[in-house]
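The task is simple: from the sequences and hints, build the whole structure.
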Amino acid sequence: MNDKTIKQESKRLIRLTVNGEPSEIFAAANETLLSALRNRLDLTGTKYGCGTGDCCACTVILDDEAVLSCLCLVRELDGCSVTTIEGLSDGTRVNPVQAKFAELGAVQCGFCTPGMIMTINALLSENPNPSEAEVRHYLRGNLCRCTGYVKIVAAALAAAKSMNGDTAKC
Amino acid sequence: MLKSPDPLIVRNDSAEAGGEEFVAVGARLPRTDAWRKVTGQEHYMEDVRLPKALWGKILRSPHPHARIRGIDTTRAEHLAGVKAVVTFKDTVPFKIGYASHADQYALCSDRARFVGDEVAAVAALDEETAERALSLIEVDYEVLPFVLDPFEAMKPDAVVLHDDKGTNITTEQHVEHGCIEKGFAEADHVFEDEFNTQRQCHVCMEVHGCVANWAIDGTLAIWTSTQSPHIVKRFLAEATGLPMSKVRVMRVGVGGAFGSRTDLMPHDVIAAYLSKKARRPVKLLFSRQEEFYASATRHPANVRIKTGIKNGMITTRHVTAVLNGGAYTTQTGAVMGSLGWKASNYYRIENYRYDGFGVLTNTSVATAYRGYGGPQVGFALESQIDMIAMRLGEDPVAFRLRNANREGDTSVSGSYFSSCQLTQCIERATDALDWSRLRIGDQGKGLAIGFGESGWRGSYYNNSDVSAATIKMNMDGSIHVIVGGSEIGTGYDTTMGQVAAEAIGVPIEDVTVRSGDTDDAAYDCGMYASRGAITSGTAIRIAAEKIKDLLLDAAADILRVRRGELIIRDRHILSRNDASTRLPLAKVAEHIYEADGLAIFATGIYDPQTHLADEHGFHASPGGSITYPFCAVALDVEVDRETCEFKVKHIAVAVDCGRALNPTIVEGQIEGDVFHGLGMATVEPGLDYNKAGQPKFHHLVDYKLLTAEDMPKIDSIIVKSVDPTGPFGMKGVTQLITSSVGAALANAIYDAVGIRLTDLPITPEKLAEAMECASNAKPH
Amino acid sequence: MSTRVLTEFSLLTPQTLDEALEFAGKLGDRARFLAGGTDLLVKMKIGAIEPEILIGIKKIRQLRAISYDRESGLVIGALTTYRDLCQSPATGGAYAILRDVTDIFANEQLLNMGTVGGNICNASPAGDLIPPFLVLDARVELLSHAGTRSVRLADFFVGPGKTVLRRGELMSRVTVPALAADVVGGFLRITRTAEDLAKVSAAAVLAVRKGVFADVRLALGAVAPTAILLPQIEAYLEGRPADDKTIETAANMVAELISPITDLRSTAKYRTKVAGIVLKRAINLCISRRPKL
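Chain order of the listed sequences is A, B and C.
Each residue of the first sequence is one higher than the one before, starting from 1 at the first, in the numbering used here.
Each residue of the second sequence is one higher than the one before, starting from 171 at the first, in the numbering used here.
Each residue of the third sequence is one higher than the one before, starting from 951 at the first, in the numbering used here.
Honestly, the hints are just simulated from the structure, not real lab data.
Errors might be hidden in some of the hints.
With a Cα cut of at most 27 Å, we get these calculated DSS-like pairs of lysine-lysine [claimed, not checked]:
1. B:819 - B:866
2. B:447 - B:222
3. C:1112 - C:1160
4. C:1008 - C:976
5. B:757 - B:718
6. A:11 - C:976
7. B:335 - B:259
8. B:718 - B:817
9. B:476 - B:352
10. A:11 - B:222
11. C:1009 - C:993
12. C:1112 - B:866
13. C:1009 - C:976
14. C:1112 - C:1219
15. B:817 - C:1219
16. B:861 - B:819
17. B:222 - B:476
18. B:936 - C:976
19. B:265 - B:416
20. A:11 - C:1112
21. A:161 - B:819
22. B:447 - B:265
23. A:11 - C:1009
24. C:1219 - C:1242
25. C:993 - B:866
26. C:993 - A:11
27. B:883 - A:161
28. B:819 - B:936
29. B:861 - C:1219
30. B:325 - B:335
31. B:866 - C:1219
32. B:861 - C:993
If you anchor each label on the Cβ, the simulated ranges turn out as follows [to be verified]:
33. C:1112 - B:388: 52 to 62 Å
34. A:20 - C:969: 29 to 39 Å
35. B:943 - C:1112: 51 to 61 Å
Given the structure is predicted, the values throughout are model-derived calculations rather than measurements.
Backbone N, C-alpha and C define an ideal beta-carbon position, used for all residues, glycine too.
The following block contains the structure:
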C-alpha cells in the first residue's frame, strides 16, 4: 500500500436506498449521512443539532434501526437502506406518530420533531405497546427545548394506541 | 402502517372558554404549522436553498481580551474556493445596542473582548473550505489583561473593556418608591439575604445563523430565525448603510428562540457583508460549540434582598442586583431594569428601592432569556419568602396568601392589575400537590409564585410597543392575516388566526396567517416580553372590526335591511330579526369587489400607550406592561440523604393568563416554562470560565438538558380569568413560570432536609456540601 | 474543525481481518481503526485527534458475534453493538450486569451504533462497560500483523484514553470466563441526567454461600485515571457475613482507594463521598439478585 492507493480511495460511488428509492452518491471519506441527505439528496427534514451524538435531532432509520446520521459515514453504508422523516408520509397520508404530534400539540418550534418522530417509530416497531416510562426512557437522548416533553410523550402513547387499532379516544 | 390523519378540527369546549360562546377562541385547535413540521417540510435557515449560495464562517477571538494590531487575510483569500473575506474595514462602522449604550461592532475594530468575539469572516464554496480558510487568516493580537468577575470589574482599578466609557458599569438604575428608610425603621423584622444564579445557555435546538443575499440591484434580503424581523431590518439597514426600503428580513422556521433571537446579531451583519463582497448569497450557521461559547446567554446575577415585615405584612423591600453582562452592553440595561421592576410587583408592599448594576466583563454577551431578569430575582424573592416565614414560624402558604396581590391592586411601582387570580393560583397549585399531607421521610414540598408582563413599552430598541396587522378578505370570503410579528414556535400564527376568525365570525379553516416578512407586514416591535398575542391580537381585532364594518354595510345594502340587525356567523350574514336571512359572506365579498369596486382590506394598529421608558431606555415607573399574568408553582421533591441526589416527582403550575386563546398551546408554554426553569434550577451548569478566561465547555455532552426520562409529572392548571384589556380577555403566559421553579425547588429541598441553598443550580454536590456543614455545625 | 464538518481523511474499508491488519501494520501511527464511530468521529469533530487515515472495519462480520459455552465462557466480538449485547440470549442470567449497562447507556441510537470494542479501546475512566468487564475478569484479544496476544482487561488500561494497544493492533474480542451458577452481578451509576456519562459507577459480582460472601469482584468507574478493581475490599468481604454491617464497612474503605478529579460532571469531594455508597448499592443489587433456592 502506498499513498497513491490510499488517495484513489478518496471518493467512491455509494448506493443507498433512501425512502424506498435507489440513490447514488459519489462520497468523500468525511461525508456524513446527515450531510449527504441534506446536501446531496435535498432531504432537509433531518436536522443538525450538535454533530456529536448528544441531541438526536438527526435520527434516521438505517436498516430498521434508529441511528444518528451525524455520526455515520456514507462510505460505510454501501447497500444500506435509509428512512428519513420525508419517507414516513406520501404527501397525502401521514404516519400515526406524525398525526398524533400534530393533533396533540407535541410540536412547538419543530426542530427536534423529525428526530423525535423517527425515534418513536423505532420504539413502536420494537415495542408496539410501550408504557409511559418506556417511552420516556427510549426518548432520553432526544432533546427538546420547547415542550418539556409532556405532549411528545402523550403523542407517542396515543400513536401506539392508534396503531394498535384502538379507536378509543386518547 | 400509513393511514389518513384524523380530522383535526376540535370544536370549542365552551366550559374551557369561560362559558361564553366562541367559534375559535378557547378551542384546542392544532397548530397551523404542525403538518409542515411533522413531515420535515418546515424550512429553517439551513434548509433555505438559493442558487450559488456560499458557506460563511466566522473567525473568533481565542483570547478573552486582546488588541488587534493587524489582520492579514491574504493566504485565506488565495485558498481555492474562497470567495470573500471580510474584516471590520469592509463594514460601515455601526455599533449594535441601544442608543448611547451601543458598543458592539459586528466585527471587532481593534479590540477583541471575549473568547468568541467576531474578528473576521470568510465565504467559500463549502463548509470545509471555509473552515480551512479561517485557519489561514493571520491576526496579530496583543494580549491584554482581562476581567471575568463582575465584582472585580466594578472596582475602580479594574481593566476597562470599553475605554470610551471609562467604567465597566455601563448601565445602572436606582429607583425608590415610598421610603425604605422609614419602612425598615418601622418594621417589626428586617431580613437580608443574598442569592446567585448561573449563566444559563438558551440551547436552542437550531443553532444561530442566517442566509443573506445582497443582490446586484442593491437590495439586501436576509432569511433568519428572528423573533423581531422589523428590529433586524431597522438596524441592519443602519449597519449596512442601506435605506430601510432596500432591506428585507424574512423569518424562516425558528428552531427555538427564548430571547436569544431578539436582536440584530453580529452574524447577520457579517453574512450581509460577505454576500456583498462575494456577490453571491451566503449561508452562515454556527456549530454547536459556537452556540455555547459565542452566542449570548442569560445574565448571571447576584441579588441581595432586604425585606421589612410589619404585622405579618411585607411592607418594605430593597433589592440590589449585579448582573454580569458579558463583553457588550446589548440588552443588559433592559434586563437589569426589568429585574428590579419585576421585584417591585410581587407583593403588596409600600416601600421599594432598587439598585441595579449591569457590569461588563470579558465573557460571552448576556442577553434576553425567557424571564428577562425574572428567574434571577424570582429565585431570590421567593426563596426569601420561605426563609422569612420559617424565621417567623409562619406557614409559607398562608404568608403568601396574606401578602398576595389581588385584582384592582396598583403595585408600589404603579402597575395596575386589571385581573389577578394569584390567590386562586396558590390554592389550586398547592391543592394539586396535596399540600397538607404529611411528608414521609425525605420528601419535601415547595411553593413559589410568579409575576410576569404581557407587552412592554420602552424596550431596549425603541420607545414603542406597537403591533400592526392587515386583514384582506378574498372574493370567496376567505381571509389573509398579515402580521408583523413572528412565529417562533409559540403558536403565534395559530392563535392569531383564532383571534381573526373569532373577531370576524368565520371558521378558522378560512384564515391564513402570514407573519415574519418585513416587506409584507406593517411594523411590529417583535416577539418578546410575552407581547405577541396581546399586541398583535388587539391589532387584528381592530382590523377585523373594520372588515366587519365593510361586510355589514354591504350586506345591509344587498338585503335592504338595517345594518344593526345583522351579524356574521359561520361564513354567513344572519339577521337577528329574521331567521330565514342567510347570506353567504362570499356573496357579500364578491359584491364589494365587483359591484362596489372596492377591495376588502383593513389595517389595525395597536400601541397600548403604557408608560414611557426613562431616559436610559430602561423600565421606568409607573406601570410597565399592558396587563400582568400571575402564577403559582408547587413541586415535590424526594432527597436521597446518602448521595444527596434529589428527584422532583411532580410539579403543579397554576397560571392566571386571562382567557386561554388555545389551551393546548397555553399548556405547551407552561410545560416549556417548567423545562427551562427546572433545568436552570438543577442540571444546567451555566457557562463558566477558567482562570485563563476560556469557556469551560463547548459541547452538549457537558451542558446537560433534562431529558424526557428526567422530567417530572407536570400539571398545567389554567385558572379561570378574563382580563378586560387583552383581546378576548387573554394575557401573556410564558416566562413567569420559569422565574418561579428555582425557588420552589429550593423551598422543597429545605422542607425535605432542612438545608437552604441560595445559589443556582442546586446540585447534589452543593447539597452534600451544605449537609456536611450543617451536620458539623450541630452540637453533639 | 467543528462539529459541523469532519476534516478530510482517507478511509480504507478492508473486507477481511487479514486485510485490516495488513493495512494497520503498514500505516502504523498514520491510521486509526474505526468501529462504531460514536467516540472516534466525535473526537475528530471536536478537534481532539486528527487522524490521516481511518480503517473502517464494519465489513468484517466475524468481529460482530456473541457466543457462550461453559468451556470458553462468554465471547464477544469487538464489533458487537450494545443492542446486540442486550438482545443476545448469551447475556441473560448471570451476565445481567451487562444488561444493566445497556439498560441505561447513552441513548437508543448509540446503543445501535456503539460497539463493545470501541467502548473499551476508548478507555474512558467513565466508560460504562469497563467496570462490569473488569469484575467479570474479562480478557481482550489483540491482533496484529505480527501475531495475537491476550491481555487481562485489568492490565489493559494505562490512563484516561490510554491502553496497552500497540501500533497496528486491533482488539478482536472480549472473553469472559464462565461464572459459577450462584454468582450474580450488578452495575449502577449516578449521573446528572438520564443521558449522561457517569459521575461514579460501580460494578460487583459475588456469591453468597452459607451466608458469607464468596468470589467477590468489585470495580469502580470515574473515580481514578482508569476504572479500577478493588482487591482490598474484595479480600475484606471474602468469607465475611453478607450483612449490612459488613457491606457498610466495605463501603467506608472506598474513599482511601480512589483518586477522583473535579470536572464538569462532579467534584472530587462529592465523588469521594458517594463512591462507597454506589458500591454498597451495587453489592446490595447483587444480593437481591441471588438465585432463589
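Comparing the hints with the structure gives:
For the hint linking residue 819 of chain B to residue 866 of chain B, the alpha-carbon distance of about 31 Å lies beyond 27 Å, and the restraint is violated. A threshold of 27 Å between alpha carbons decides the hint, and for residue 447 of chain B with residue 222 of chain B the separation of about 14 Å falls inside it, so the pair holds. Annotation: proposed proximity of residue 1112 of chain C to residue 1160 of chain C is violated, straight-line Cα distance about 41 Å (limit 27 Å). For the proposed pair residue 1008 of chain C and residue 976 of chain C, the alpha carbon gap of about 20 Å is at most 27 Å, so the pair holds.
For the given pair, residue 757 of chain B sits about 14 Å from residue 718 of chain B by alpha-carbon distance, which is consistent with the 27 Å threshold. Under the criterion of a C-alpha separation no larger than 27 Å, the hint pairing residue 11 of chain A with residue 976 of chain C is consistent with the structure, at around 22 Å. Between residue 335 of chain B and residue 259 of chain B the CA atoms are separated by roughly 23 Å; this keeps the pair inside 27 Å, and the hint holds. Only pairs whose Cα atoms come within 27 Å are accepted, and residue 718 of chain B paired with residue 817 of chain B is rejected, the gap being roughly 54 Å.
At roughly 13 Å between alpha-carbon atoms, residue 476 of chain B and residue 352 of chain B fall within 27 Å of each other, so this suggested pair holds. Between residue 11 of chain A and residue 222 of chain B the alpha-carbon distance is near 23 Å, which keeps this suggested pair within the 27 Å criterion. Between the alpha carbons of residue 1009 of chain C and residue 993 of chain C the distance comes to roughly 22 Å, so the proposed pair stays at or under 27 Å and holds. The straight-line distance between the Cα atoms of residue 1112 of chain C and residue 866 of chain B is roughly 23 Å, inside the 27 Å bound, and the hint therefore holds.
In summary, the hint linking residue 1009 of chain C to residue 976 of chain C is supported, as the alpha carbons are separated by about 20 Å, within the 27 Å threshold. Annotation: proposed proximity of residue 1112 of chain C to residue 1219 of chain C holds, straight-line Cα distance about 25 Å (limit 27 Å). At roughly 21 Å between alpha-carbon atoms, residue 817 of chain B and residue 1219 of chain C fall within 27 Å of each other, so this suggested pair holds. Pair hint residue 861 of chain B plus residue 819 of chain B does not hold up; C-alpha atoms about 38 Å apart against a cutoff of 27 Å.
The straight-line distance between the Cα atoms of residue 222 of chain B and residue 476 of chain B is roughly 61 Å, outside the 27 Å bound, and the hint therefore fails. With a C-alpha separation of about 52 Å, the suggested pair residue 936 of chain B and residue 976 of chain C falls outside the 27 Å cut-off, and the hint is violated. Distance restraint check for residue 265 of chain B and residue 416 of chain B: the Cα-Cα separation of roughly 20 Å lies within the 27 Å cut-off, and the hinted pair is therefore satisfied. Our distance criterion of 27 Å between C-alpha atoms is broken by residue 11 of chain A and residue 1112 of chain C, whose separation comes to about 32 Å.
Pair hint residue 161 of chain A plus residue 819 of chain B holds up; C-alpha atoms about 26 Å apart against a cutoff of 27 Å. Under the criterion of a C-alpha separation no larger than 27 Å, the hint pairing residue 447 of chain B with residue 265 of chain B is consistent with the structure, at around 21 Å. In summary, the hint linking residue 11 of chain A to residue 1009 of chain C is supported, as the alpha carbons are separated by about 18 Å, within the 27 Å threshold. Straight-line distance between C-alpha atoms of residue 1219 of chain C and residue 1242 of chain C comes to about 39 Å, which puts the hinted pair past the 27 Å bound.
With a C-alpha separation of about 17 Å, the suggested pair residue 993 of chain C and residue 866 of chain B falls inside the 27 Å cut-off, and the hint holds. Proximity of residue 993 of chain C to residue 11 of chain A is assessed by CA-CA distance (about 23 Å); at most 27 Å being required, the pair is judged to hold. Our distance criterion of 27 Å between C-alpha atoms is met by residue 883 of chain B and residue 161 of chain A, whose separation comes to about 21 Å. As the CA atoms of residue 819 of chain B and residue 936 of chain B are separated by approximately 20 Å, the hinted pair is consistent with the 27 Å bound.
Using a Cα cut-off of 27 Å, the hinted pair residue 861 of chain B and residue 1219 of chain C holds, with the two alpha carbons roughly 21 Å apart. With a C-alpha separation of about 14 Å, the suggested pair residue 325 of chain B and residue 335 of chain B falls inside the 27 Å cut-off, and the hint holds. Proximity of residue 866 of chain B to residue 1219 of chain C is assessed by CA-CA distance (about 19 Å); at most 27 Å being required, the pair is judged to hold. In summary, the hint linking residue 861 of chain B to residue 993 of chain C is supported, as the alpha carbons are separated by about 25 Å, within the 27 Å threshold.
For residue 1112 of chain C and residue 388 of chain B, the hinted distance range of 52 to 62 Å is satisfied, since their beta carbons lie about 59 Å from each other. For the hinted restraint 29 to 39 Å between residue 20 of chain A and residue 969 of chain C, the CB-CB distance of approximately 33 Å keeps it satisfied. At roughly 38 Å, the beta carbons of residue 943 of chain B and residue 1112 of chain C sit outside the given window of 51 to 61 Å.
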